[in-house]
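Letter by letter, the sequence shown follows residues 50 to 335 in our numbering.
Read the hints as simulated data drawn from the structure, not as lab findings. C-beta: ideal position from N, C-alpha, C; glycine also. Treat the hints with caution; some may be incorrect.
Said to hold, decoys possible - Here are the computed distance ranges between Cβ atoms for each label pair: (1) K280 - R77: 25 to 33 Å; (2) L80 - L307: 26 to 34 Å; (3) H257 - A145: 16 to 24 Å; (4) R258 - S120: 40 to 48 Å; (5) H257 - K209: 36 to 44 Å; (6) M306 - V112: 17 to 25 Å; (7) A59 - E87: 37 to 45 Å.
Unchecked claim - Below 25 Å or equal to it, Euclidean Cα-Cα: the simulated DSS-like pairs (lysine-lysine) are: (8) K261 - K303; (9) K150 - K261; (10) K261 - K301; (11) K280 - K249.
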Amino acid sequence: MAGLGGGPAAFGRCTHAVVRALPESLCRQALRSAAGPEVDFARAEREHQLYVGVLRGKLGLQVLELPADESLPDCVFVEDAAVVCEETALLTRPGAPSRRKEVETMKRVLESLNLNIVEMVDENATLDGGDVLFTGREFFVGLSRRTNQRGAEILADTFKDYAVSTVPVHDSLHLKSFCSMAGPNLIAIGSSEAAQKALKTMQQMSDHRYDKLTVPDDAAANCIYLNIPSKGHVLLHRAPEEYPESAKVFEKLKDHMLIPIANTELEKVDGSLTCCSVLINKTSEL
């Protein structure tokens with residue numbers, strides 16, 4: 050998930066979600082930062098279908114589901130292909146060359162929503178959406194193995210109404226591998242030294258004071274906050290059977306509708322909850 054737009058008051062409002070089906074090639078060919086157990090494809094599909102079902106059925110979003118592409122093993126991770134804020138969509142240039150064709154399908158679906166499309170064509174730039182944290186007030190962009198300074202500069206040029214600060218990311222794939230927004234003014238952050246160091250950088254860069262929700266597990270700090278008119282504050286977070294201690298921290302958020310989501314299989318290939326959707330707030334008629 051990237052920006053949803055509308056400033057702090059409307060933060061988390063959402064009408065549409067873009068998702069993509071899993072290709073079977075994901076199991077053996079998806080990029081992964083470390084060797085580990087093989088993805089159980091049937092279980093990964095079930096988990097993903099439950100995720101999409103929550104967005105469509107429980108939350109009432111209009112879900113645009115793109116077909117899988119076996120030639121693009123990582124294509125389920127749609128977040129990396131676009132950053133959407135208000136009515137503007139920045140099509141990224143993913144840091145992994147094998148993923149750059151994923152942007153073509155994303156472009157077509159975002160054009161169908163009549164968004165203002167900006168394409169990142171500078172061959173010196175790289176940007177993954179997983180490195181982009183929008184707080185409703187500003188952007189933080191992780192400088193990682195997948196995102197560079199030029200990519201961050203193009204994002205800043207695209208979304209001129211918001212401040213953009215960069216945050217070094219060393220021990221994780223993306224900035225949002227260990228943080229996300231858990232509410233309008235609330236940053237969920239992991240407990241690792243690297244996560245806490247990044248949070249300190251963000252606090253130093255910002256003119257605004259955010260509340261923080263520290264969870265024991267970095268992976269569990271990646272959650273999805275939504276503000277649904279009929280539901281209020283909604284938070285999709287990692288399931289208690291995966292991260293029991295972190296789940297207990299989320300359970301303290303009494304004002305939120307909490308929806309636990311399992312992501313056991315896609316986590317094996319560095320996937321997190323925000324990776325699998327691009328959330329959009331369409332305020333004008335299509």
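Inset, instruction - Compare the distance between the alpha carbons of K280 and K249 with 25 Å, and conclude whether the hinted pair is satisfied. - result: violated, 33 Å
Inset, instruction - Using the beta carbons of M306 and V112, state whether their distance is inside 17 to 25 Å or not. - result: Check passed, 18 Å falls within 17 to 25 Å.
Legend entry - Supplied distance hint 37 to 45 Å, evaluated on CB atoms of A59 and E87: holds, 42 Å
Inset, instruction - Sort out whether K301 lies within 25 Å of K261, counting only the CA atoms. - result: holds, 13 Å
Inset, instruction - Just tell me: holds or violated, for the beta carbon distance of H257 and K209 against 36 to 44 Å? - result: Cβ of H257 to Cβ of K209: about 18 Å, so the range 36 to 44 Å is violated.
Inset, instruction - Could you see if the CB distance from H257 to A145 stays within 16 to 24 Å? - result: Between H257 and A145, where Cβ atoms are some 33 Å apart, the hint is violated.
Inset, instruction - With respect to the beta-carbon atoms only, verify the hint that K280 and R77 lie 25 to 33 Å apart. - result: violated, 39 Å
Legend entry - L307 and L80 - C-beta distance against the hinted 26 to 34 Å: With a Cβ separation near 31 Å, L80 and L307 satisfy 26 to 34 Å, so the hint holds.
Inset, instruction - Verify the proposed pairing of K261 with K303, using a straight-line Cα cut of 25 Å. - result: holds, 15 Å
Inset, instruction - Kindly confirm whether 40 to 48 Å is satisfied by the beta carbon distance between R258 and S120. - result: About 46 Å separates the Cβ atoms of R258 and S120, which means 40 to 48 Å holds.
Inset, instruction - With a cut-off of 25 Å on the C-alpha distance, tell me whether K150 and K261 pass. - result: Status violated; Cα separation ~36 Å.
Violated hints, listed in ascending order, are 1, 3, 5, 9 and 11; each of the other numbered hints is respected by the structure.
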